[in-house]
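J.: Sequence:
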Amino acid sequence: MPPTLIRSSLLVAALLLTSPAWSADPVHKEKVELTGTATHSVKGKIKGYGTAEYTLTGKAGQTLSVQLKTNQPSNYFNLRQAGQEEALFIGSSGGNRYQAKLPADGEYTVQVYLMRNAARRNAAASYSLDIGLRN
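Going by this note's numbering, the letters in the sequence shown line up with residues 325 to 459, in that order.
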């Protein structure tokens, strides 16, 4: 096989076997370990349709508090309980602060995102997120 045909074949194979960078929005995932009455604080940045997900484990009856501080008015968070379709909290309608008792033992995910109006403009947000869990 001629060298140019080999290079062309390798290029085609590489293009077919890899997904383009623009096909998936970046998702930052992080496990949060909460002990005692300590609050876990994280700082992050998201852009466009990118999101950040912070997963924690809690027990029924514990009080979870989440507060988002951001430089972008279209930056919010949702709270989801593993295995449930509906979110426990939707930031775009509830604001940037949540505090309530957890309904069940298990994993919970705080997802930080930009509203569609900002995401489609490829806007960016710098934020800090405080997550606390107490008995």
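It should be emphasised that the hints constitute simulated quantities derived from the structure, not laboratory data.
The structure displayed is predicted, hence computed values, not measured ones.
Cβ coordinates follow ideal geometry from the N, Cα and C atoms, glycine included.
Hints should not be assumed to be uniformly reliable.
Unchecked claim - In silico DSS-like pairs for lysine-lysine, Cα to Cα no more than 30 Å straight-line:
1. Lys383 with Lys425
2. Lys355 with Lys393
3. Lys371 with Lys353
4. Lys353 with Lys367
5. Lys425 with Lys355
6. Lys355 with Lys383
7. Lys353 with Lys393
8. Lys369 with Lys355
9. Lys425 with Lys369
10. Lys383 with Lys393
11. Lys425 with Lys353
12. Lys369 with Lys393
13. Lys371 with Lys355
14. Lys425 with Lys393
15. Lys355 with Lys367
16. Lys371 with Lys393
17. Lys393 with Lys367
18. Lys383 with Lys367
19. Lys353 with Lys383
20. Lys353 with Lys369
21. Lys425 with Lys367
Stated by the list, open to error - Each pair of labels, with its calculated beta carbon distance range:
22. Asn459 with Gly372: 30 to 40 Å
23. Lys425 with Thr379: 38 to 48 Å
24. Ser416 with Gly368: 16 to 26 Å
25. Gln423 with Asn395: 32 to 42 Å
26. Pro397 with Glu354: 23 to 33 Å
27. Met439 with Lys367: 13 to 23 Å
28. Ser450 with Val356: 24 to 34 Å
29. Thr359 with Asn446: 15 to 25 Å
30. Gln386 with Arg445: 19 to 29 Å
31. Asn459 with Asn395: 30 to 40 Å
32. Ile414 with Gln386: 19 to 29 Å
33. Ala362 with Asn446: 18 to 28 Å
34. Gln408 with Val356: 17 to 27 Å
J.: Could you check the structure against the hints above and give me the numbers of any it violates, in ascending order?
T.: 23, 25, 28, 29, 30 and 33
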